[in-house]
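Given next are the chains, with one letter for each unit.
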Amino acid sequence: MRGFVFCLIYIIGFATILSSIPAGLQGTESSIETVIPLDPRLITGFSETENYSKDAFTAGSYEYDDFGGFDWICVTDDSSFGLARKIKFLGIFWFGQLDSCTFVAPDGTDRGNTLTFTEIATDAEEGAVRYSLSLILSGDSAGSFVIYWNITAYPAIADAWTADELYLLHGLGIADLATNNIGALLISLLLLHLPDVPVLVNLFLAVPIWACIVYVLWYVITSMIPFVGG
Amino acid sequence: MSLEDIPTYFSDFLDISLEAGQAILSIIVILSVLLPVMILLKNRKGIVIELFLFVLIESALVGIGWLPFWLLIATVAIMAFGIAALGTNAVVGG
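The listed protein sequences derive, respectively, from chains E and S.
Residue numbering for the first sequence follows numbering that gives the first Met the number 0, beginning at 0 and increasing consecutively.
Residue numbering for the second sequence follows numbering that gives the first Met the number 0, beginning at 0 and increasing consecutively.
Just chain E, with the same shape it has in the complex (with noise of 0.2 Å):
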């Protein structure tokens, strides 16, 4: 009885415990799939994101729809970028009306609704800069703008752009500063397949709790079937 309440108690408390560390906490993200040194403060802790780089661009626009509830424009010149969010009408037709949006730098420098490559090399900062948008006709927020490249392979930006290797993050809202999915937590840890932890490490932190389950569920099974515990 003592055996099965403590190992009960310590199921629950770890679980809840755990529960309870907010997701931050476990650092960067490690699904963010970039070759380039990269402050992940900056791409991270949006709750929506759309990637493109030149690729992604057609007759020099770039068109993704239902981000954030409204559909977006990216254009470009080969040496300056802008952005825009449709106008429809009724909210279904769109007669190529556009409320573009204006690219405020870190340092509050309002760049105006054309960010050219020029502005952008002079804002980054080790090959990566963060603007906040903001539309100039509604005046709503429209999320930041993330521009980074491996400044180490293209010094300058053109270059970068050219070889397809200048990243554009759009991204919108703040990611909920949700506690830990616990169940996926706690399986990678039991499976020994936590993120970013040595398995010898996790095997010290999973045997424990093996040991907990098997013993409450060996304690519970004996219990309820009295001809196997004798």
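If you are wondering where the hints come from, they were derived from the structure by calculation, not from laboratory data.
Even for Gly, the Cβ is constructed at its ideal location relative to N, Cα and C.
The reader is advised that the hints may include incorrect statements.
Covered stretches of chain E, as calculated for chain S (at least 3 residues, CB under 8 Å) [claimed, not checked]: (1) 2–8; (2) 121–129; (3) 200–207.
With chain E fixed as given, assemble chain S onto it according to the hints.
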């Protein structure tokens, strides 16, 4: 220089590995908070405040990347062990 970069400079300065630098700095930070509290709170109840502060500081250090996330899980496991031990005594008696 941001808080995250301090262990890098520290380990470079001492010519030790980054992990060792992070560990040493974390211990310094934790002790610099816990020791004065320990001196101020000489009674037995101080241990609860010490534990609470320890977890809080450790979480902050994990948040700024000085300590790995698994260390927080290990702390949680130890806390759960303690809670289970106390809970068992309360439920079953002993």
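Here's how the hints hold up against the structure:
Given a C-beta distance limit of less than 8 Å, the hint that chain S covers the region 2–8 of chain E holds, as 4 residues qualify and 3 suffice. Given a C-beta distance limit of less than 8 Å, the hint that chain S covers the region 121–129 of chain E is violated, as 0 residues qualify and 3 are needed. Given a C-beta distance limit of less than 8 Å, the hint that chain S covers the region 200–207 of chain E holds, as 5 residues qualify and 3 suffice.
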